[in-house]
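**Q** Chains A and B are the protein sequences, given in the same order.
Residues 1 to 162 in our numbering are what the first sequence lists, from first letter to last.
Residues 1 to 503 in our numbering are what the second sequence lists, from first letter to last.
The hints are simulated quantities; they were obtained by calculation from the structure and are not laboratory data.
Glycine is no exception: its CB is placed at the ideal position from the N, C-alpha and C atoms.
Careful: at least some of the hints might be erroneous.
To be verified - Restraint-style ranges between C-beta atoms, simulated for each label pair: (1) 109/A with 177/B: 36 to 44 Å; (2) 205/B with 134/A: 53 to 61 Å; (3) 108/A with 465/B: 15 to 23 Å; (4) 99/B with 61/A: 53 to 61 Å; (5) 115/A with 494/B: 51 to 59 Å; (6) 200/B with 105/A: 31 to 39 Å; (7) 71/A with 3/B: 33 to 41 Å.
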Amino acid sequence: MVISAQWSVALFTTIIPLLMLTEFGKILIFFILGGVFVAGGLIASWLLRPHRPYPGKLSTYECGEEPIGTAWVRFNVRFYVIALVFLIFDVEIVFLFPWALVYRELGLFAFIEMAVFLLILWVGYAYVWVKGDLNWDKPAPQVPTLNFVAAKPPARPEPVEA
Amino acid sequence: MIEQILNSLSQFLPEVTLVAAFCLTLLISLILSSKGRNRGRVAVPSAALLGVAVSLFFVLDQAGTSQSIFSGMVVVDPFSVFFKTVIAGSSILIIFFSLFSSEVQNAERYRGEYFSLLLALTLGMYLMSASANLLMMILALELTSLTSYVLAGYTKDAGDSSEASLKYIIYGALSSGLMLYGVSLLYGLTGATDIYGVNKALSGGEVDEVALLIASILMIAGFGYKISAVPFHFWTPDVYEGAPVTITAFLSVASKAAGFAMLIRFFKVSFIDSSVIGLPEGMWASLQGFEWNKLLAILSVLTMTLGNLVAIWQNNLKRLLAYSSIAHAGYMLMGVVVLSDKGLAAVLIYFVVYLFMNLGAFLVVMMVANKTGSEDIDSYKGLGYRSPLVGVAMVIFFISLTGLPPTAGFIGKLYLFVALLDAQWVWLAVVGALNSVVSLYYYVRVLRNMFLRDPEKDAGPLAFSMPQVVLLLVLLLPTVILGLYFAPLVDWANASVLMFGVR
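Excised from the complex, chain B in its bound form (with noise of 0.2 Å):
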């Protein structure tokens, strides 16, 4: 037992160095918060920097292994160590950000919280993209909503903010309470709670289809929370423009791809039936009698189709992007549909593109915050004449996040499609490729509003420091060169959809 705790230990680095960096993290922040309120802006920072920088160096030296630890609760499997990069990536991104989000700066009582708990928000994603047991799932799920709902009203000065986080909270409370009753479901009718169990119970048949039905509905609750899935999106808008810029832009990223590689992991594993012989290589089929893809094909429609025509009506630029985040939501759903390692490497690489481009929309919206305090589309009357880089950066985004050539997003629409057509899912892609257009309008909105609208009289050119021009440079360089060079990302997208333990 010891000796096993032990091995699972040396295959658990990335976690505990984040946990020993949240500790470390807090320790300083309240050493040096004792002597004085404005130190610390340099250490505290720096060691949440070192401990995600750490932790990612163990993911990356992970690559290749697959094996379950700690009695099967975690597996480390080129599919979780994938996820696992993007998080680590997208929360670096997120420090850097917070060193210029003057909403960050501002409430600078609260720095040493503010960066131990993205930490803490970071190993909890960690723990959902590679659970392999329903209570594990629902431990790390817990751990990284509690914390989100802290960050998200973490300007507890701004009212907005703390509506954010009650609303979150009770969003998330009612999720999370319907998911775990479907898991008690699911282990009353299995008899098991790591997923393995659960499916070798479901493939042996002789159970009540209904209660499984009913279960697995409520387990999507919980999932569909996480990646603001259509009947449970409801907290997405709110939340998203009261929090500060930066845990908004963490959200729309890594809290998604998490609760997307928990709920790829979760269906694919538990709910495929292994016995079906004579498919087509990479192919999987869903459980006999239970075809749950069609359930999340129409989630999916319902996902995407919502957050494009609501989108149309904001005219907040964060609430905007809330939508559209939804509607990422739903084009990403239609990858897991077909049931392909096709559709899964298409979602994976949507992953990454859509890390550069949304981190990147959410920058240009805290970069130009800072500057005119205002997030309204009307604000943005004129910015590509006040300052041209971020007016093309805005642009270059924008494109990718609609999806057209030459830019990263095509690519990521570009596999999720073929994929789809491969399976003969297509419905779901004239489906998709309607929505697509639909975005087109909303997105250009903003466009003309920077460029084809005259700037306020009294509005000047916005000048950026050196340091953020440089970040958005880090995002905007792959946006585009992602569009143009893909074969490593595809490459590496196709060789992690393997998991532990299925074929």
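Just chain A, with the same shape it has in the complex (with noise of 0.2 Å):
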């Protein structure tokens, strides 16, 4: 570790400057670092665990179910609302925690700041509630009934003329 510290302090402030580098070029170094990264870590791995598949371990994890059809499937529409809410929410809370942080400091402003925040929010959110995006209508259970019509077989083909 510590010699890896101590390249990686040789990298930026020797051997980078050495190199010119414009700030676009530190910027493309790091993507190259990436890269290499992601790759080193699959590559290393794939070079030091052992290789044993059985069609059990190669199946796709559903929580231990047995997976029943294909992951392609339409997915509710309400799932995107549900989501949008949900990120509208999600930043408010990484908006308050700072500034919960900060709060004695800044006293009646920040209040009222905040204040004006939420307010706005709320107002997104009762939007979404009166206009019923958040009711999940679920569709009528259709209960399989014993008295049932046998369909009928299928209309045979017509017989083709040579």
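Two independent chains are provided; combine them into the complex using the hints.
**A** Put into structure tokens, the structure is as follows:
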């Protein structure tokens, strides 16, 4: 670790200035290092790990359940609305934490500032609520009954004339 | 820090008012909509109208101040006040338009969204005309774009409205992506995001000229999309045709004004060389080694020529006006090319004139479409006899759009051409004049249908309600009066070319 720390210090203090990189050059180095890091991890684990596959191991992990059908199914569009609403309140929390930390120093100003912010968010929340986007309409369950009519046998294809 | 924010807030009242009005309009519509669909016909538009009116009052209250607020993100100066006035004025007119538009009134389920998004759109345009930081510019542009995508698809049951919205999103996303890339390059070159810092770094020299050229072309992609200049104009006809007329009218005036405000501020602040001595009064110099005004001159010629030539072939009046608005963007770009305060003042004058004549033309389109259900030029046959007042109004608006005296459009063009000739841009002036001749053809084609063709057999006279006629006169009278008595407008424009931080 000590060696690598020394190396990275050396990399950023001497080697890069030697290369006379621009700001964009540093970003390029960053990208390259990121790729190397990911590829290195994958390759190293591929070299080191034992390789003994069997069908149960290769199947998709579904919390211990047997996976049914393909993963490419259509999701109910409501999930996206819920995700969007969640995102807004997630961001709200991200903003509230640092606010809570400096609240004592800033005092009333911080309170009013955050009140305005939350008020605007609540308007959005009220909008979603009133418009019924939070209601989850369950389709009425279709209970199978016994006195079903036997389905017609499929029509026979017309004989094709030669 | 807190004192600075609080001080900035007192100069930010127009925008704060709009945000408050946005929330209020939405809440009113929600409260009323939960108890039955049909309520809020009066309350919601009134709330929106009140919001814009109060914010216009605060804007006018800012006249004469020149300062930068929120750590240089936004500036308040005569230039931004001018554009905010134009934007707020057209916003108020559009709210009145919406009351008479059958398209908007038929979709009353979404009335709250419509009016509150109009306020958000106005807010975005305010910020576009006032932002002095590249990041703020992007944010304002996005706010304006996102709200106008939704509004363009407002009548979502109509297929072409959804088509308009989708096309708008795709072009808009591409353009703002390009502009964002341009901003990142410019930041990489100069290490500054506020446009004054960019200017300082660029004036110091030692900037790669090729990279600067690429960055500014990418920036122009963003601006050009907003003002629908030619290589970036493809969305304009489809969106203008598909969107509700009210939104089309708003986009054609206010959105263009905001785009021009941002373009002019960006170029005039960050891309001029203030160290050049010995220039005539009121002239500026482009950066050494990078004459961006020639780039804009090419863009201007392309824009007006293509706009006018394609407009000739249109049979849908909204589409025709879309191409005519592209052509007008070309005319107005000429005023930026000349690099003088005179040219800038001409652009400002043109915008006020354009506000009245273009909104007027769209109002006639809307009134006729409400009655006949068609926007085709063929359905205007004999309109001059079916409704003389509307017919005559359309003649005046179209003559003004062509730029013939004694209308306001002539004054707008006159100042543009004088500024061009003053700066020795004779060839550009000639191209502009030739284009005006071409535009006469397609405007007169509509007028010919209105007066020289017989109406369809079963077409009786069209009667319009009193408020609609009053609204028409509100747009018609300035179009005539500004053609005869324009000194106050010119004085106001000359006083409004002053920007914060530019000598």
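**Q** I'd like to know which numbered hints this structure contradicts. Please list them from smallest to largest.
**A** Violated hints (numbers, rising): 3, 5, 7; every other hint is consistent with the structure.
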